[in-house]
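Full structure from sequences and hints, please.
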Amino acid sequence: DVKVTQSSRYLVKRTGEKVFLECVQDMDHENMFWYRQDPGLGLRLIYFSYDVKMKEKGDIPEGYSVSREKKERFSLILESASTNQTSMYLCASTFSGNTIYFGEGSWLTVV
Amino acid sequence: QQQVKQSPQSLIVQKGGISIINCAYENTAFDYFPWYQQFPGKGPALLIAIRPDVSEKKEGRFTISFNKSAKQFSLHIMDSQPGDSATYFCAASMFTGGKLIFGQGTELSVKP
Numbered sequence: 002d003v004k005v006t007q008s009s010r011y012l013v014k015r016t017g018e019k020v021f022l023e024c025v026q027d028m029d030h031e032n033m034f035w036y037r038q039d040p041g042l043g044l045r046l047i048y049f050s051y052d053v054k055m056k057e058k059g060d061i062p063e064g065y066s067v068s069r070e071k072k073e074r075f076s077l078i079l080e081s082a083s084t085n086q087t088s089m090y091l092c093a094s095t096f097s098g099n100t101i102y103f104g105e106g107s108w109l110t111v112v
Numbered sequence: 630q631q632q633v634k635q636s637p638q639s640l641i642v643q644k645g646g647i648s649i650i651n652c653a654y655e656n657t658a659f660d661y662f663p664w665y666q667q668f669p670g671k672g673p674a675l676l677i678a679i680r681p682d683v684s685e686k687k688e689g690r691f692t693i694s695f696n697k698s699a700k701q702f703s704l705h706i707m708d709s710q711p712g713d714s715a716t717y718f719c720a721a722s723m724f725t726g727g728k729l730i731f732g733q734g735t736e737l738s739v740k741p
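Chains as they are written, first to last, in my numbering: chain A, 2 to 112; chain B, 630 to 741.
Any given hint might turn out to be false.
What the hints assert, rightly or not - Derived lysine-lysine pairs resembling DSSO-like cross-links, with alpha carbons at most 27 Å apart:
#, chain 1, residue 1, chain 2, residue 2
1, B, Lys-740, B, Lys-634
2, A, Lys-4, B, Lys-671
3, A, Lys-72, A, Lys-58
4, B, Lys-671, B, Lys-687
5, B, Lys-697, B, Lys-634
6, A, Lys-56, B, Lys-728
7, B, Lys-728, A, Lys-58
8, B, Lys-728, A, Lys-72
9, A, Lys-19, B, Lys-671
10, B, Lys-687, B, Lys-697
11, A, Lys-71, B, Lys-728
12, A, Lys-58, B, Lys-671
13, B, Lys-686, B, Lys-644
14, A, Lys-71, B, Lys-671
15, B, Lys-728, A, Lys-4
16, A, Lys-54, A, Lys-4
17, A, Lys-72, B, Lys-671
Hints are computed from structural coordinates only; laboratory data are not their basis.
Have a look at this one:
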C-alpha cells in the first residue's frame with residue numbers, strides 16, 4: 002500500500018510563528034504536492050515538486066515556501082503564520098502517469 | 630481563478646437512489662479527469678477517472694459521463710448507500726500524475 006505520512010495531524014500555532022509541516026512518502030515517488038482544503042473552495046494547490054530540489058508555485062503560494070532536499074520528503078513552511086492560514090493541509094505524491102495519493106491531512110489553527 | 634466548477638455543493642439522496650454530481654472545466658488542454666472521495670478526518674482517495682477519448686466509464690455502482698464538446702463531466706452513483714456519504718471532488722490535470730485542479734466539492738448524504 003502507498004503510504005503518504007503527514008506527521009503532525011493537529012497543530013495550534015500563534016500568529017507570527019514559523020510553522021513546518023512535514024510529509025514523507027515511502028514509494029520513491031517523483032512528484033509531490035501540497036494543497037490546502039477550505040469549505041466551499043475545494044483543494045487549492047500551494048506548491049508542487051517533480052524532482053528533488055525542484056519546486057514550482059501552485060495557485061496560492063503567497064505566505065508559503067517548500068523544501069525538498071530528499072526525494073521522499075516534501076516540507077511546507079509558513080514563514081510567519083497568520084490567522085487566514087488556518088486550514089487543513091494535504092500532502093500528495095505519485096509517479097508521472099499514475100494516480101495521485103493523499104496523506105490524511107494536517108489541521109492547522111493559527112491563533 | 631477557478632478552472633473547474635462543481636455542483637451542487639451539497640446533495641441529499643435516499644438509499645437506493647441515484648446521486649449525480651456535475652463538473653465543468655475551461656481548459657481544453659486537460660487530459661485526465663479523476664473523481665476523489667473523502668470521508669471525515671481522512672485524505673481524498675481516488676474513486677474513478679476518465680480520459681477525454683471515451684464518453685463513459687463504469688466501475689461498479691460508479692459511472693463517469695464525459696462530454697468533451699460541452700467541457701463537462703459528471704459522476705453518477707447508482708443504488709446509493711449510506712456508506713457512500715462523503716465529500717466528492719472532481720478534478721482535472723494536463724496528464725496523469727500532474728498537478729490536479731479541483732472543483733469545490735460536493736457533500737453527499739445518503740439517508741437510510
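Hint by hint, here is what the structure shows:
| no. | hint | result |
| --- | --- | --- |
| 1 | B:Lys-740 / B:Lys-634 | 26 Å, holds |
| 2 | A:Lys-4 / B:Lys-671 | 13 Å, holds |
| 3 | A:Lys-72 / A:Lys-58 | 18 Å, holds |
| 4 | B:Lys-671 / B:Lys-687 | 25 Å, holds |
| 5 | B:Lys-697 / B:Lys-634 | 15 Å, holds |
| 6 | A:Lys-56 / B:Lys-728 | 12 Å, holds |
| 7 | B:Lys-728 / A:Lys-58 | 11 Å, holds |
| 8 | B:Lys-728 / A:Lys-72 | 17 Å, holds |
| 9 | A:Lys-19 / B:Lys-671 | 25 Å, holds |
| 10 | B:Lys-687 / B:Lys-697 | 17 Å, holds |
| 11 | A:Lys-71 / B:Lys-728 | 20 Å, holds |
| 12 | A:Lys-58 / B:Lys-671 | 25 Å, holds |
| 13 | B:Lys-686 / B:Lys-644 | 23 Å, holds |
| 14 | A:Lys-71 / B:Lys-671 | 26 Å, holds |
| 15 | B:Lys-728 / A:Lys-4 | 19 Å, holds |
| 16 | A:Lys-54 / A:Lys-4 | 21 Å, holds |
| 17 | A:Lys-72 / B:Lys-671 | 24 Å, holds |
Comparing the model with each earlier hint shows no violations; every hint is respected.
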